[in-house]
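Colleague: Single-letter residue listing:
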Amino acid sequence: MINEERVILMTRMASYEQHDEKKNMAIVNYFRNDYLGFEFLKSVICGTMAFLIVFGMYVFYDFETFMQDIYKIDLLAFGKKVLIIYLVCVGGYAVITYLVHAYRYHLARRSLRTYYNNLKKLQNMYERQG
Amino acid sequence: MTNLLVMKEYLKQFYAKYEVYLHPLAKFLLSLISLGMINSKLGYMGTIDHASIVLIVALMCSFLPRTCIILFDALFILLHLYAMALECAIVALALFLVLFLLYFRFSPKSIIAVVLTPVCFGLKVPYLIPIAYGLAATPASAVAVSCGVVAYYLISYMSGNAAAVSGMASDEMITRFRFVIDGLIGNKAMILTIVAFSITIMVVYIVRRLPIMQSWRIAILAGVLTDIMVMLIGDLMLDTNLSISILGLLGGSIVAALVGEVLRFLLFNVDYYRMERVQFEDDEYYYYVKAVPKISISKPSRNVKKINSQRRPQSMSSQNK
Chain P
1 MINEERVILM TRMASYEQHD EKKNMAIVNY FRNDYLGFEF LKSVICGTMA FLIVFGMYVF
61 YDFETFMQDI YKIDLLAFGK KVLIIYLVCV GGYAVITYLV HAYRYHLARR SLRTYYNNLK
121 KLQNMYERQG
Chain C
1 MTNLLVMKEY LKQFYAKYEV YLHPLAKFLL SLISLGMINS KLGYMGTIDH ASIVLIVALM
61 CSFLPRTCII LFDALFILLH LYAMALECAI VALALFLVLF LLYFRFSPKS IIAVVLTPVC
121 FGLKVPYLIP IAYGLAATPA SAVAVSCGVV AYYLISYMSG NAAAVSGMAS DEMITRFRFV
181 IDGLIGNKAM ILTIVAFSIT IMVVYIVRRL PIMQSWRIAI LAGVLTDIMV MLIGDLMLDT
241 NLSISILGLL GGSIVAALVG EVLRFLLFNV DYYRMERVQF EDDEYYYYVK AVPKISISKP
301 SRNVKKINSQ RRPQSMSSQN K
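As you go down the protein sequences, you meet chains P and C in turn. All residue numbers for the first sequence refer to the numbering used here, where the first residue is 1 and numbers rise by one. All residue numbers for the second sequence refer to the numbering used here, where the first residue is 1 and numbers rise by one.
The shape of chain P in the complex, shown without the other chains (with noise of 0.2 Å):
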């Protein structure tokens, strides 16, 4: 006789097998520093690499004028500017990537640990019938 419970409960795992199992478990499977480390990693490099976009659009933009004073202009203080507009930048973008790979990895925790459960749940059943 099929056993209603059980196959409700086995639907709703081999729904979450075939959809989020996978990239939660792509997540799990590093510790949680590590995981945040690879992220905020990532981040600060893309985060560089489009500054280095912007950054080449700007002195393009106005290059008649760059090359004209690029021996006036004092080069450390204009260094001195430009990566702290980098640090800023690139920095506040790297830190809300963490926030929310954090926030991922904590919702990605909490649902294998309801699918684990679920297998719990079901080998009992199972055991209860046999």
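Do not rely on the hints blindly, as some may be mistaken.
With a straight-line Cα cutoff of 20 Å, these simulated PhoX-like cross-link-like pairs (lysine-lysine) come out [what the hints assert, rightly or not]: (1) C:Lys41 / C:Lys124; (2) C:Lys12 / C:Lys294; (3) P:Lys23 / P:Lys42; (4) P:Lys23 / C:Lys8; (5) C:Lys306 / C:Lys8; (6) C:Lys41 / P:Lys22; (7) C:Lys188 / P:Lys42.
It is worth saying that the hints were derived from the structure and are not from the lab.
Chain P is already provided as a structure; the job is to place chain C on it using the hints.
Modeller: What follows is chain C alone, placed relative to chain P:
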């Protein structure tokens, strides 16, 4: 109302049955419309400005992941702009790269909003986007919708100023570049639209989650009014003169409200008259719970009853004849 609910049940059943075909069909249509719009707006490269090419790419997109729709759209835009002027293509490429690196790398799910927003602009119903995303998504979708607005204004700016850009001498590369950048950054209508859409999405999201009766309907109304107000006030302040026509804004807002109502019916259909307030406690808490039942109706089942006509026994009298 009952008929509508029955229809909803039929729709749900239809979707569940044909989901495998409906998803590729939706991707096919979306990529077909978006590529068609790009070709009609830009269309500077003759090689890809063909219905057959668009059809082939749309068919490919229907079987590939959703991200491919935006990749092909971006590729088409870049190729057309390259055919128009190299500087335009460089600016567009830089913009797409920055968007990809900063946002879509870690939120690929919301990528569809970037395609849908320009498509809705093309169909003259852009105002339904913030209402729909406020109802069905989270405030984070405001970023994706803003990217879509930028993409739309990029395309329309390029198509509107193609003659001016092409008219500049080819050795004035930096002048062309500066012209394109100035036009994009100084586009007040774009900034106003981004601000209005972002505020609307947040207002709709916040109001629809309030624990009040008819929260979704109030959210739709609040969203529509917010959108109109921000657009009008922004227009006065920024003096955008107007890329937004008042009639278009009002008409678009009415369409947005109607689409919002359809979404409400499909996603959040509850019966406030049967709302219950229950109160109970456990060891640690008192619970004051408000439970609002969903309106649901079972699909009418049709039983076909076969009535076989009874054969008459041949009458004895005819046999005797």
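Colleague: Each of the hints needs a verdict: does it hold here or not?
Modeller: To see whether the hints hold, each was checked on the structure:
1. With a C-alpha separation of about 14 Å, the suggested pairing of Lys41 (chain C) with Lys124 (chain C) holds against the 20 Å cut-off.
2. A C-alpha spacing of about 15 Å is found between Lys12 (chain C) and Lys294 (chain C), which places the hinted pair at or below 20 Å, so the restraint holds.
3. A threshold of 20 Å between alpha carbons decides the hint, and for Lys23 (chain P) with Lys42 (chain P) the separation of about 18 Å falls inside it, so the pair holds.
4. Taking the CA atoms of Lys23 (chain P) and Lys8 (chain C), the gap is near 32 Å; set against the 20 Å cutoff, the hint is violated.
5. Distance hint between Lys306 (chain C) and Lys8 (chain C) is unfulfilled; the C-alpha atoms sit about 29 Å from each other, more than 20 Å.
6. With a CA separation close to 41 Å, the supplied pair Lys41 (chain C) and Lys22 (chain P) exceeds the 20 Å bound.
7. Distance check on the hinted pair: Lys188 (chain C) and Lys42 (chain P) sit about 34 Å apart at the alpha-carbon level, beyond 20 Å; violated.
When the structure is compared with the earlier hints, violations turn up for hints 4, 5, 6 and 7 and for no others.
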